[in-house]
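**Q** Working from the sequences, and respecting the hints, build out all of it.
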Amino acid sequence: MRQSFSVGIGGAAGQGVATPGDIFAKIFSRRGLHLNVYNAYQSIIRGGHTFLTIRTGPDKIGTTDGKLDLLIPLNQDTMDRHMRLLSSGSACLYNADLIKPAAAADGVQLCPMPVSKLADISRNKIAQNTLAIGAGLSMMGVGFPALESVLQEQFRKKEKAVIDENVSIARAGYDYASQNFKPFAWPLPMTDARYAVLGGNAAMAMGGAAAGVKFYCAYPMSPSTGVLHWMAEHARKANIMVRQVEDEIGVINMAIGAAHAGVRAMCATSGGGFALMSEGLGLSAQAEIPIVVIDCQRAGPSTGVPTKTEQGDLWQMLGAAFGDYPRVIAAPLDIADCFKLIPEIFDIADRFQCPGIVLCDLLLAEGRLSVNPNELDFHPAIDRGELITSNGSGEHEPYKRYKITESGVSPRVIPGVPGYTHTVSSDEHDEDGVLISDEYTNSVKRRAMMEKRMRKEDGIAASVPPPQLLGPANADVTLIGWGSTYGVIDEACELLRDAGISANHLPIRWLVPLHGDAIVDLLKDAKHTIIVENNFSGQFARYLRSETSFVPNGHIRKYDGEPFFPNHIVEAVKEQLAGKTKLSVPSHEVMV
Amino acid sequence: MATEVVTPQAIVMADFKGKVDPDWCPGCGDFGVLAAVQKALVELQIPKHEVATISGIGCSSNFPGFIDTYGMHTLHGRSLPVATGFKMANHAMTVLVTGGDGDGFGIGCGHFVHATRRNVDLLYLVMDNQIYGLTTGQTSPTSRLGMKTKSMPFGSIESPLNPISLALAAGATFVARGFSADQKHLTELIKQGIEHKGFSFIDVFSPCVTYNHDNTFQWFRPRVKKLEDNPEYDPTNWAAAMEKSLMWGDEIPIGKFFERTDLPTLHGAEPVLKSGPLVYQDNRMPADVAQSFIDELM
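Just so you know, the sequences run in chain order A and B.
Per the numbering used here, the first sequence runs over residues 102 to 693.
Per the numbering used here, the second sequence runs over residues 240 to 537.
These are calculated hints, taken from the structure and not from any lab test.
Among the hints, erroneous ones may be present.
Calculated lysine-lysine pairs in the DSSO-like style (CA-CA distance at most 27 Å, straight line) [stated by the list, open to error]:
1. B:K430 <-> B:K387
2. B:K423 <-> B:K389
3. B:K465 <-> B:K278
4. B:K465 <-> B:K436
5. A:K504 <-> B:K423
6. A:K546 <-> B:K258
7. B:K430 <-> B:K287
8. B:K256 <-> B:K287
9. A:K161 <-> A:K218
10. A:K168 <-> A:K258
11. B:K256 <-> A:K546
12. A:K259 <-> A:K201
13. A:K168 <-> A:K675
14. B:K430 <-> A:K501
15. B:K423 <-> B:K513
16. A:K338 <-> A:K127
17. A:K681 <-> A:K625
18. A:K546 <-> A:K625
19. A:K504 <-> B:K287
20. A:K628 <-> A:K681
21. A:K504 <-> A:K441
22. A:K546 <-> A:K504
23. B:K258 <-> A:K553
24. A:K504 <-> B:K258
25. B:K278 <-> B:K513
26. B:K278 <-> B:K430
27. B:K513 <-> A:K338
28. B:K256 <-> A:K501
29. A:K501 <-> B:K436
30. A:K201 <-> A:K161
In silico contact screen, one side only, chain B against chain A (beta carbon under 7 Å); selected entries [claimed, not checked]:
31. G310
32. M311
33. H312
34. P320
We treat Cβ as the ideally placed atom computed from N, Cα and C, and that holds for glycine.
**A** Following this line, the structure appears as structure tokens:
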């Protein structure tokens, strides 16, 4: 079992949950520790309940796990909801002036802070937060200077008196805890590694910048808005044109316009916005203009649960827009992969002149992960495919934009090059772009053009590696997941092995092309297969069956808005191996 | 050393002849608009490879196929966002957007208002025939009250939209109305619209000879009056333009209603485009900029 330490901070929206989270994350990563952050919140700007969990440790932390070592409730509600997550050895730090302790399990250390005695609360509204950060770090065995330097950065835009005041409040909390509370049995270790703390939305935006995206546009929609925020904030430094558009229909069409002019163009949205984009996706495919669209899934249908996670958009992606056309769909496996995937999918979209879809979800988009900064390669190889950028000597055959080729790919020209004028079209067209409905609807040409476009699927399939089975061969159970469940399944496999059940893991990153034959081959000797996914109907299970006829032994699904924790999967595997059920739907422990 | 002077070949009408001839109904108003656009480009001597003609869907949206420039035939109602993205990625190109009243004021009306307020530097030409033609004759957003069509056989009970007032209200920096039968006047408006730096909108009466029996060439001819013929009309006066835009009936003004040149275009206001068209910029960011993005996360 990997060693880890989890801090949970909760309160009403607006009480300042985010700042202590940022401070802890920075301190942990600077100690050379890995971390994973998940923020449970609601669609409310003030009030409600927000609960931020940071899990840290010396090894990679692929998921939070619902357990807490330190709880910092900023209000009574958080105390009452989350105390049940604490077990022997953990502690709860709270403002004794305002919050009454909830019933705690044996061995839980209650740490009341006399906030009004330790700080001037009339002057500093967030004094309880700062005191708790100081106290918590003291109990974790972290030296005060680490906190002092992070506080100075955090408040660097404020005047010196404000910084000094916050440092002295943190110091008061730190000293009070040293004198009054028992330190944790496991002092936080330190390593020489240094990690970047990366959010999924920022990662996808940065991945776009690395891929050479020059045009980004979006309409705000949770949980994808963070991509727009990163792009907008860094646009001028990165030389990216960023536009906020009137709706998602406008977004995808604007991206297509920019892409046709010759730049890499990207946009992001969530399921509802994607639904508006779907006709545009067909235009990208039919006119053969490459774009990349990110869908950060949230719980649907309709407006659904805007601040909660789900993997419920797979079939929307598979069926987006009418008609048959080549497309690429990939689901990043973790937050580092959110970065890495974008240049990869752009290369494929560019080479095969088709839309690329990144199927992310709230869990990754709004989560944060420690990432080795060397993994953030801003200068990957870029392949823009067959692109004509100049008329060379001026001599060339009459240009046919949709020339019929063996690969199905017709060289694309950047508009502006003399001698290559042509019209691209959403209507079915001939090789030279002339609409076939403008002469007579020519069934021979229609068939040839359809086959030309669809031939690109072979090239796309050859450009994408088949998935690989991770973990021991001949395992008792094989867990199959896609996208964001990678981290939680990985840890579940570890816990299962600790419990004497050998488990391996088949994570799916490329959904289209799927490499169904390779998957069937990998699974043909599996003893017991279970598909794990964050939706009601088993969207991936149904897709895999439709492509390969493969039917797993069981399913683990969750559609309550919250992500899986490793223990959910472990318990479900145990009940399924015992023959109790073929479908497990774990319940979430706490209402967040 | 002798210097060779190369005289560039003059640009002529034949340069803009499309790969196929228009398949509009004989007598369609759109022929006049196509000819006026080609003439304007010739008179302005703009090479065809520096022009992008972008349309939506509908009879008049088949326009890019009938003119030889870089063209895009996009989706119903979506020409303006496509054109905006195109112009942002390559602002060195002259961008013409063509379409009809259903495309622009029906399904695409939201984009019309936003492209207008953004002052995207392009010319938006609407061939307004007050009917849906390609779908065989239904009421459009500019069909007159009471007009009988297949979709409103007992007469429209909805008031039509006023494209000129709408463009003015949305902040268009160039607003004009043309009549397809007055090609010389229309060509002049198109030239001005192309040369105007910002969003130029020309609503062109382009009668549908097949489905609109109310607003025909014969109906328009005695009614249209050129604003240019009135020496007192001041096209820099927005309030006067708005007032004129409401005139309809026995006298219908055509010509340039309004122009202002004091507002920056969208691409002109964008610092990222200062170093030239996006498409010609380096798509690799300097190593120190990349490093600064990573440093923010440490």
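**Q** Go through the numbered hints given earlier and state which of them the structure violates, listing their numbers in rising order.
**A** Failing hints, ascending: 1, 2, 5, 9, 10, 12, 14, 15, 18, 21, 25, 29, 30.
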